[in-house]
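Trainee: Each protein sequence line maps, in turn, to chains A and B. In this text, residue positions in the first sequence follow my numbering: the first is 5, and each later residue adds one. In this text, residue positions in the second sequence follow my numbering: the first is 1419, and each later residue adds one.
Among the clues, some could well be false.
[Unchecked claim] To give a feel for the contact side, a few chain A residues facing chain B, derived at Cβ under 7 Å:
#, residue
1, Met113
2, Pro128
3, Trp130
4, Pro182
5, Val188
6, Lys189
[Unchecked claim] With a straight-line Cα cutoff of 16 Å, these simulated EDC-like cross-link-like pairs (lysine to aspartate or glutamate) come out:
#, chain 1, residue 1, chain 2, residue 2
7, B, Lys1456, A, Glu241
8, B, Lys1467, A, Asp243
9, B, Lys1457, A, Glu238
No lab work stands behind these hints, which were simulated from the structure alone. Just so we're clear, the structure is a prediction, and the values are computed from it rather than from any experiment. Ideal Cβ positions, reconstructed from N, Cα and C, are used throughout, including at glycine.
As a plain string of letters, each chain reads:
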Amino acid sequence: MDIVKSKSGINWLKYASPKTFYPLAGQLIPWFSVGAAVLIVYGLYLGLLVAPTDFQQGEGYRIIFVHVPAAWFSMFLYLLMAGYAILGLVLNAKLSHMMAKSIAPTGAMFTLVALVTGSFWGKPMWGAWWVWDARLTSELILLFLYIGYFSLQSAIDDTNRADKASAILAIVGAVNVPIIYFSVKWWNTLHQGASISLTKAPAMAAIMLKGMLIMALGFWLYSIAVILARVRCEIMERDSKAALFRQDI
Amino acid sequence: MQWHSFQEFIAMGGYGFYVWSSFGITFLAMAIELLALKKRRQRITNMLKQETV
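Please build the complete structure, drawing on both the sequences and the hints.
Mentor: Structural data, given as structure tokens:
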């Protein structure tokens, strides 16, 4: 306890308890929601009205303003879920398991969006709604991992056992995320390579990049708001006797 | 601003169907998620209310 306390003066472990987390999450949700709405509207404005036509893909490229952020968060949220699953197992912290469980639906939603919008890009550009390319296939496997995670959660009645079993599935499945990310490098895929990487200058106009990053940030704040709201539901469901949210009802 | 007319904006250089479907599906998915979450919260609060009574 003291180690955690001494550095920042704040006892961070306090927020690991559902009792203190519930009202804190409630206070944060409106801020993240407003931030998400503002950024998404600005991202749409940049992506649909300001960004120039792509010289190779014409106006069809504009799909990336939703496709790429959705694909990023399908992967990032999976890793975040696996991270909370590890925390849950190591610290035996209930709130961490609740976080992992609450991240999964949003991650799955973005995975589905990435796959479907990718199809709508593939049809005009490649001439096919779907190809068994390494990038597409590994992203489909990601969707199945999320579905497997939900199924396992709901198949086991005992909450503690359901949390532990699904945490293990989440952690093992995390190996798929680097496979998705590097698939365009490791295999000769139809899917184009990364438009943005840490080592090279972005292969796109600055305004396109800006629109995409703003949209991604909007999706991030949206995800946080939704996940916090879902954790609150989870806390209420698991501990319906607690007095802490009685004033909300 | 990239567009000279509203028709041009809707047509998206011939990619209109694909572009608008993608944007529509993305925001529809998010709306469905928000709605489902709202319903879940209502279900729980109703249940807790009944317990209190």
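Trainee: Next, verify each hint and record whether it holds.
Mentor: Each hint tested on the structure:
1. Met113: Hint holds; Met113(A) Cβ to chain B Cβ min 5 Å, cut 7 Å.
2. Pro128: holds (5 Å)
3. Trp130: violated (12 Å)
4. Pro182: Given a least distance of 25 Å, the restraint on Pro182(A) is violated.
5. Val188: violated (20 Å)
6. Lys189: Hint on Lys189(A): violated, closest Cβ of chain B at ~25 Å, above 7 Å.
7. Lys1456(B) with Glu241(A): Within the cut-off at roughly 14 Å; holds.
8. Lys1467(B) with Asp243(A): holds (14 Å)
9. Lys1457(B) with Glu238(A): Given pair Lys1457(B), Glu238(A) holds - Cα atoms ~13 Å apart, limit 16 Å.
When the structure is compared with the earlier hints, violations turn up for hints 3, 4, 5 and 6 and for no others.
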